[in-house]
Structure formats: structure tokens, C-alpha cells
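2 protein chains.
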Amino acid sequence: MGNKNHPISLRQFQAADGFWKEKMELVRREVIPYQWEILNDRVEGASPSFCMRNFKVAGRLMKEKREKGDAFEEPVYTFRGFEALPEDMEHLEDRFYGFVFQDSDFSKWIEAVAYSLVSHPDPELERTADEAIDVVCAAQMENGYLDTYYIINGMDRSFSNLKDHHELYCLGHLIEGAVAYYQATGKDRLLKAAMKFADYIESRFGQEDGKCKGYPGHEIAEMALVRLYEETGQERYLKLARYFIDERGRQPYYWDCEEEGKQSKAAQSEGERYQYYQAHRPVREQDEAVGHAVRAVYLYSGMADVARITDDAQLKEACRRLWDSIVQEKMYITGAIGGTHIGESFSFPFDLPNDTAYAETCASIGLMFFARRMLEMEPDAAYGDVMELALYNSVLSGMALDGKSFFYVNPLEVLPEACHKDERKFHVKPVRQKWFGCACCPPNLARLISSIPTYAYTENEDTLFMHLHLSGEVKKQLGSQTASFLVESGMPWDGKVTITYTGEKAAAMKLAVRIPGWCEHWQADGLAKFQCSEEKGYYYLEGTWEQGCQVIFTFEMETRFYQADDRVREDIGKVAVMRGPVVYCAEEADNGTSLHLYQILSSSQPAQAGEVTIAGSHYPLLNVSARKKVKAEKAGRLYTKYKKPEYEPAQLYMIPYFAWANRGENEMAVWFTDAGMP
Amino acid sequence: MGNKNHPISLRQFQAADGFWKEKMELVRREVIPYQWEILNDRVEGASPSFCMRNFKVAGRLMKEKREKGDAFEEPVYTFRGFEALPEDMEHLEDRFYGFVFQDSDFSKWIEAVAYSLVSHPDPELERTADEAIDVVCAAQMENGYLDTYYIINGMDRSFSNLKDHHELYCLGHLIEGAVAYYQATGKDRLLKAAMKFADYIESRFGQEDGKCKGYPGHEIAEMALVRLYEETGQERYLKLARYFIDERGRQPYYWDCEEEGKQSKAAQSEGERYQYYQAHRPVREQDEAVGHAVRAVYLYSGMADVARITDDAQLKEACRRLWDSIVQEKMYITGAIGGTHIGESFSFPFDLPNDTAYAETCASIGLMFFARRMLEMEPDAAYGDVMELALYNSVLSGMALDGKSFFYVNPLEVLPEACHKDERKFHVKPVRQKWFGCACCPPNLARLISSIPTYAYTENEDTLFMHLHLSGEVKKQLGSQTASFLVESGMPWDGKVTITYTGEKAAAMKLAVRIPGWCEHWQADGLAKFQCSEEKGYYYLEGTWEQGCQVIFTFEMETRFYQADDRVREDIGKVAVMRGPVVYCAEEADNGTSLHLYQILSSSQPAQAGEVTIAGSHYPLLNVSARKKVKAEKAGRLYTKYKKPEYEPAQLYMIPYFAWANRGENEMAVWFTDAGMP
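Heads up: the sequence lines are chains A and B, in that order. In terms of this note's numbering, the first sequence opens at residue 752 and continues consecutively. In terms of this note's numbering, the second sequence opens at residue 752 and continues consecutively.
Honestly, the hints are just simulated from the structure, not real lab data. In this text the structure is predicted, and so the values were computed from the model without any measurement. Watch out, some of these pointers could steer you wrong.
No distinction is drawn between identical chains; accordingly, a pair holds when it is met within one copy or between any pair of copies.
Unchecked claim - Heads up, simulated DSBU-like pairs for lysine-lysine below, C-alpha to C-alpha not over 30 Å straight-line: (1) K1247 / K1394; (2) K1067 / K1385; (3) K1394 / K1280; (4) K1287 / K1392.
Using the sequences and the accompanying hints, generate a full structural model.
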């Protein structure tokens, strides 16, 4: 199957009513318009983005206030947060404001817009998008360069700090947005701008004599360039992507010689330096997922793309090793990654603290990118399982149920008092925030959710792979003929998936359906006409599909207790609850305070108790047999002689993890001490 | 009894062979000479102190290299650590090196020397000390000012950053050292220098018009000035101490107007600003122990001194509230305080993480200072219990058994891998360090241990209080008559305390012996001749003591399991082991790795198994019934369906906590999950 197994186009899928259509609609109705207001600094109380403003300043579309020849000025924002923000936007000078990567906010938005336009044409939104593209293109320099930070502040400094500034990151996002918009609308203005920028970069970077030997501090250009190559067929983009990947981490380190952003060589030994950036050693030699988690999975995604297309066995093997490092040693049960807020990074193997986790929404989204690319490389349900896990838990947790506020950090345990008073947990917010200055997660969620069908399905010449079981109609082109299937799915709440062939003409092809890793018992009905086989967690149905032909998969969805590897010290003696792909958690709203006093009676079976209404929607409410420690009489002493603890029978009510923190600030926990028998 | 209950003089006690004599000898033989080498930058591999060098530069005792009129230079050290250290001390310029508080290293050393000379006269050591005093005095300015940081860098800046620089802190330590040396040797050269410095400060600070309204960022001057007042009888020192206490935290905040070290007013609201320094509100209104833990207990000690001497009911009440805040909400079972390394501070109530604790040695020493002063205020065994707890656990843990390396941080759980790889735990060291640039803990330990008898005994006119049960002979003056008692004690390993009257003449007086809070059953024999009563944990024996008269206390010392308050989330469902005042811990050296897999069978009784030899000495080795989780087969998956865990019977071997980390780097834990019944 090789490099021909690729995601379907969004045009091939039409969502039917259900879980995902609702989420996609939420993004369309709430998130995309809200983001547009943000990009234009029109949301009161939210940190201004300055994104579109910077493009206007760079493109000289603002009234001229700025004196030429200004000294190079640092941006107002720092990575740590927003200080000294201008109070009155009207009186701002015409200079660059915001983070160095602020341009990418537009690119993520336009990408989400593009996906949304495919499923839901909207002329007004498209007009707004076209106008935005005009503004962005006006900022582009004659030579193709397009990063407003340096255009405004002085091009003499461009490419002087590849490590910490984000020119190549902005290029990557611009490509992603441009390709998506072209695919959605057929309009190539932005695509041409992105190509022109990419061409300029290609003329400046590479192995050839005289070219810069640098590579991006924050990865994404790698996978974006592959996408551009796949869209345009231009080999030079693939070559540039491969160059970035191969050059990364080679010694002597390119960044050691950069003018700006130098770090003391003495600080870390070679081989450890630049771990944060995954540039401590050549990527083919890496075997542990380290450093900033988002950067890591973006890099690995690009590696997987290049490995697949160039059929590079060594690079594939590196991808597999890094995948294993994540999922076998560094991932939370929610599919979250990034055990520490210091550097927003992976911690050491099995160090997965629940209450100080970083567990960034974007990192789980990036893990889905990586997973899908591994699936493109080799269909193995193990990748699909993780993609599904991340999606239904730490990704969805990133957005409030009303689509109006967002989490960066998705902890597995929260005590609000600690978030307010303990500086070690200041990164953990007990309620979602409206918007962030560094706005990566909300637009990343928007582009992910509105393109979810491309994660659900990949295809090659004769096979359609169903990785996620989304309700809707999916089409596949077979030569001049169109096969189509109507999928009715109860996921993630129910494991029945009915697949009906709806193509006008019969089609000879294979359908490969992922058997979820969480499912122990399943059956398929209506198989008589097909040659069936199971391989690496996919159930292949090969034969001729005729209209009305129906296959019904029933994936038994048990509520089940899970345990962590013994080496995860934070979870030792504890259990978590899942049902299908959904992790459950307990909140103070349903259980009162002091969740740490509860212990789960794992010998019992958690029963579904009914429903709970959160933010106007109904969600399952699990009723788990538990016991609760009876509070000892307060003696005014912190430590007292041991007394056998008393417990009272209790019920622990649990809701889907992704729905937490939608009822105000309160305690939450995923893992509970296992009390075994009652 | 009021303000007449004060510590005995060191001359009143002669240690007998046993636990404490050994420790005092260790300090005399190892720590004091080593520190002298350190103060003079003669220890290879240890961070140079520059302490004596700075005095020489300030006193113009170095060969003249420094040009007059140099610009004010920042010290080479920062609070965070040592960078850019000169490689060749020979070629250093004659300027100030080290932390701003480097002078205090000498003061702590001379204080320890003084105590040591009382118990163990040593003419050579005394000569060295006298010579050091000459160097220090040479640095003093005509007006009495004595802080080499400003003398060297420029006096125009003195008192410009009371918040973060340490002139008044250095004054405090100088007084402590000077009084101790005067009491030990009768030599007043250093005492006069300290008084002259104090007089100068007194001329510059106070409520009077024209005086500076500032107060120290790091407290200690308060209690030191009271000590100077008690030694000299000069009221002005008491008045200055009271001024510092009363002015602290008043609004408008003095520090808001300081030239240097300003902090943005916006950063914290009034009432929270300066919490780190306990200067967020007037001390009489404070009711929660907050901020830097060492500073806090130093302040509270000074408050207790002033409250006792001035019989200030309101200030006494504030002391009691702050005491309760510590011991009821913010203290580890080891007597450690400071739940977070961020600001080396108290965390919020009941937030006592074991593995990320700060738990600084100096903070526990400061807690002992505070406890003794509360005992001087009102004899209540609750204070003695905490003093004893801190002493035998987190204080002693600060020093290696060979006296050659030291801990700042005394965690209750250590996984060495985390200390090396997880930046959140970089402050936790798995083995003691030789010396620190910021050398507060080692010399603080030296002065504490060499003066331990003054914590063990306080007295008033007719009563001798025994707070700690030290072996040795203690004397008490009753008019012209000297009463004396020989105390034979098995503490901390055995609860038998034999007290024999050894005075030549009979004496009518009271002896008050602390009944340890950990002791449930005890008896006293030989009471027939006395009127006995028990009050607030002290057993009073009143009567006429005659030679040979003997009272034997037998404090039953059980090995016992303890539990923490339910609100300490980190310890929920866990037990710790103590025997008498000693907390026990388990180390990898005796139990293998993965201590988190052990669970204690709390329904059994831990038995003393025998002894373990560590660093050449014998210590009890407790043998605790436990079970150990059988490691699950590695499936290559982090999370798996719950399976009832299997345990194998196991013994958990535990050693005294203070003896941990003397056998190389290894895992350690104090709290273990309680498995209840086998």
C-alpha cells in the first residue's frame, strides 16, 4: 500500500447528525467567528492578538505613523505572558505587537475556515476570508518573504534566530492554511503566496554551498512542506522538508553559531543541549521523546511523512521508536502528553504526575497528527487506538462544551486552591480561559475538529480504512466510479456501527474497519458476501458492494477499570474508569469536596446511573461503588497515632473527562485509590 | 515565672558520653575546622566563600590592587547559584565576592566556635578565632558600620535595598556570634564591635523624626538585639528590636519607596505584597505562617523574645497563632517546614508534598529557636515536643553522619532519577553536598548542635526545666549555692532517664521534666520525697534535693504507626513509623528499588529487627511487616484493564530518618500506603 494510503478529502464525507456533526457545527458557529473577532482585536476582555493588525502594518495598509529607520524593537509580549499591554489600541504606534509567531494565528484560522466551507458553504465567511487573504498577501515582500515580525522590525535581522523565533514555523502554518483553502475553494491566491515564501526559503536553506544550514526551532514546516509537495507535485518542497529533518541535531550544532538567542555551551553537555527542540542529536538516532511536547510530535509527524513518501526504512524505524517511547512510557491515560510545565515538555519515562501535568491540548492534537501519519505508513490499529483516545479525552477537554473557552493544560487532578496558591500549579487552570495571548490551542482545536473526517478515514487504491467510527456518508472514488457508504454510529457512547452501501453502482473494493483496542467482544453481521480477514486490528471486508448491502459491527462497550504500569508512581494502587474510548472523571459538582477521601471498590462493576445535564447537553453519569473515609476528629494535631480508618459506603459519580470544568471551578480527579473488595 | 525563664548558660552543662556528646564532638572535630578552611577559600572542589577575604579587602589588609572610585559592582554570585567564578583566586581584583550576606558566614562560625570552647577549651582554636576577630574588626568603619558588601562597593548605596540586601541580617548574626564569644571567653573585642554597629543602626533607624523607617528583609536582628539587650542591659537594643517588629508590614510599605529592588506594585495586591518577607501586614495582625520559612521563624522568634520581655499580651497571642498555623497546618512529620522550593516558602495549609518539599535544615533550626522562645514564654510540652521532633529528624538529617556533607533540603521521599531529570525536583539532592555557596545550613547546624544544652534546659529562679533529656551533668545556681544533677538518658533510643542529685549541699528547688508527647505510658520512681504535680506536659518535682537522691523516669518508647490529618492529601491512606521522637524511613539500600510497590501491614506491630551499620555506627533497623506488589508482566502498554493486584509478603526495613543518604544515592520514603490487614 505504501505511500498511497492517504487521508480522504473532506469532500468525500458528509457528516450525519450525531456527536461529531455537533462538534463541527459548534466550531463553525462559535469558534471560527469568535476567532475572527480575536484576530482583529475586537473582543473585550480577551488579550488582543494584533495578528491582522501586524499584517496591515507590514503591508502599509495602516495610516502611516511609523518612522523609517526605527531601531529594532522587541515585541511587547514575552513568552511568559502579557505585560505592559497598551491600554488604548487607537494610539498604538505602527509597529509589531504580540508574540513572534503571531502571524500563524491567521493561518490556523484560515485552515479551519477552509475545512468548514467544505462541509458548510458560506459565501459571507468566504468573502471575509478572501479579504483577509488580501491583507496577508499585501504584507508579502517582493522576494516572497512573509513574516511580519521581521518585515516590520527590520529584515537585516531575519533568520538570525531560527532557534527561538518562528519564521519557519509561520511558513509551515501558512502552507497548511493555504493548501486547505485552495482545496476548499479552488482559489489559489494564498497558495501562491505560500509557495512563493516556500520558494524563497528553499533558495536560502539547504545542503548546497552558500545556503544556510539552519532548521526551525519550532517544527511544523516539515509536514507542511510535504503537504505542499503532495498538493503541487513540486519535488523541491519534499527536498526542503527532508533537508530540515536530516540536518536537525547534526554536530556541530547550527544554533551554537547563531547571532541571537545563543545559549551557553557550558550549560548542557553535547547530546543534551537542544533537547527541548529535539535537536540534540540527528533525528534518526533519537529513541526517546524529549523536550517540548508539541514541537516533538510536530517533528515526528514530518518525519513520518517523509519516511512514507521516500520509503525510508531507517526513518520509519526512528518514528516507531519515538512512537513507542510516547505511548509506552510518556502518555497519560487521557492521551495527553507533556508531564511537566517546565519547557511544556515530556518528563522522564513513567513520570506522569496528575496534578502538575502540562498535558497541552495542542500536544494531543499533534499526537493525533503523528498517529494518522503512522497509519498512512502502516495500518495498525494501535495507532488508531491512541488517535481515538487522545481525541475523545485530552483534545476535547481543551474546549468548553459551549465552544467559548479553552484549556491549554488538561490535568488529571485538580484542587482549585492549589491552582490559586501554589506557584508550582499556576499553569493548571481550574476553569477554561476565554482566549490566550499565545493562542495555539483554540485555533488548533478548530482546525482539528473541522477536519475530523480526514482522521477518521484514509484510503489507498482499493481500500477504504475506517479508523474512527463517525456517523455520515463517506465516498470513495474507484476509477470513474463512486462508492459510498452510510455509517450510523453510536460512538463514543454506543458500540453499534451500521455500514450500508449507498453507491448507485456496485463496487469491488475493500473496507477495513478498525476494531477498537478497548473492545474485547465484538461481532459483525452481514458478512456472507465478503472475504473477511483481520490484520493488525483492522477487519478487512473484500468483495463486491451492492446498494443496500449492510454490515453491522457491534463493539461491546463495557465500563471498565484500568490500571497504569507499575512504574507510574503517581498511579500506583489506583484505578481509572473508561467506557469505550472515553475516560471518566469525578467532579466536586457531583460528589462534594475532598475527592481524595474516596476509594473505588474495584471488585464491583460500575453501572451507568443515568444522565447528567451539563451546559444544556446530556452526558452519561457513571455510578461507581466506592467508600469514603470518615473524617477523623480534628485534634489540632497534624500527626496522630494510627487508627484504623473508618469508611462509609459511598457512590462516586463520574462524568466523561472531556466534559469536566463546565460547571464552574471545582475539584476533579481521574485516578482513585483502589479499595478492592468492599 | 514571666521573663525569668531563660536558657541555661553552656557552662552549666557538661555532656556525658552518649548521643549528643558524640554529635557535639563531631562538630568540634570536623565541622568547625572545615568551616574555617571554607571561610578562607582553602577547600578544593568546594565553592569559595570569599568571606574572610572580603573582610580583608574592606579592612585594607590585602595588598592594594583596587583603584579608588570604582563603579559600584554587583557581586559575582547571584541568589540562584554560582556562575562565572574566577578560576584563579590569586588574580582576583580587590573587590567584593560572594553573596551580599557573605559576612554572616564568619558570625555563624565564631558562634559555633564560642559554644565549642565552653565545652572543650582549645587554646589554638581560640587563637585562630581571635585573629579572625582582628580581621573582622579591621573592616569596621569609624562610625560603626560593618557590612563589607557596601564598605567595598560604596557606602553611598548602603541602606538603599533593605528588602533584598542583608545589612541588618549581618548585624544580627554578628551580635549572636559576638555575645556567644564574649560569654565563652570573656573577651569583648567582637562584642564591642557588634555594639558599635548596633549603635550606629540605632542612630539611623527608628520611629523618631529624621530616622529611616525601614526594617530588615531577612529577619534575625530582632532576636539578636534582644540577646544583646539581655547581655548588656542596654534598653536601646530592646527598643530597636521592638521598633523593627512593630514597623514591619505597616502601610504604606516602606519598601515600596526603596531606591533599589523595587517590585511592581501591580504584581500583588496590598495585603499580599511582601508575604515572602512576612511584611504584608503588621505582625500583630498576622495569623498564618507565610513566605520564606527561615525568615518566618526567625521573625517569630524575635517576636516571642520581645513579647516575653515586654510582657506584651497581644504580641504573645500573635506568636501563638503563628505557632499553631505552623504545627497544625504546615509542618511535616519530621518537623520540617517549607512545603515549596518556590521562595523556599510555606505553601498553603495542608499542602505538604513529600517529594518536592523544600524542608530546609535552617528552617527547622529556626523552628527550634521559635519553640525554645515559646517555652521561655510559657512552659508547655507542646513546644518541647516540636523542638525535639525537629531536632531528631529534619535538623539532624541536614548533616551527614561523618559531619562532612550537608543537606539544604530534607525531603520525605526521593527517587534519584527524578532529582536528576525533573527540573521540578532539582532542588532535592539525593546525596548531601560538600558545601554551598549560600552556606546557611552547615554553620547553622554547627551553632545549633554545639549549643544544644541551651535548648535542653531553661531555668527561672527556683525551677530547672528539662525539655530534652540529654546525658550529662547540669548545674543550677540558687543564690550562692550550686545544685547539680547527673542525667543518664538513653534518648533517643531508650526512654529511661535517671536523674541523680550530685550537688554537695542539699537544695530546695523544683525540677520540671518534660513528659514527651509521644509517650503514652510512663512512670517515675523515687518520688517519695517530693511534692509532685503535672502541668502542661511537665512533671514538677518540688522539694529538697540531697546528694544521691535519685529519680528515674521510664518513658515507654513504642514503635508506632502514625497518620496525617485527612487534609494532607499527599499522605492520605498512608502511614509513617516513629519510635520515640525518631521518624523512620525506608531506603533502597535495605529494600531494593521501587519503594512505591511496598505497602505496610498496619495491623501488625513493627518489631526492632536489630542494627544496621551506617558510616561506621550502629543504628536501629526496624523490620516492618509489609507486602510488595508483584510487578505486572510488561505488555508494552502503559494502561491495561484492571487486574486484582498480586502481592508477595515482604519485610520493609526502616532506619532512622536522620541517617538516610549516608550510603550513596538511593530511593527513600517516609510514608507508605497502609494495607491494613495482611
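Hints and how they fare:
Within a single copy, K1247 and K1394 get their C-alpha atoms only as close as 50 Å, which misses the 30 Å cut-off; across copies the closest is 27 Å, which meets it. In this assembly of identical chains, K1067 and K1385 lie within 30 Å of each other by CA distance solely across copies; the values are 24 Å between and 60 Å within a copy. Neither within a single protomer nor between protomers do K1394 and K1280 lie at most 30 Å apart by alpha-carbon distance, with minima of 67 Å and 40 Å respectively. In this homomeric assembly, K1287 and K1392 come within 30 Å of each other (Cα to Cα) only across copies, at 20 Å, whereas the closest approach inside a single copy is 55 Å.
Consistency note: the structure conflicts with earlier hint 3 alone.
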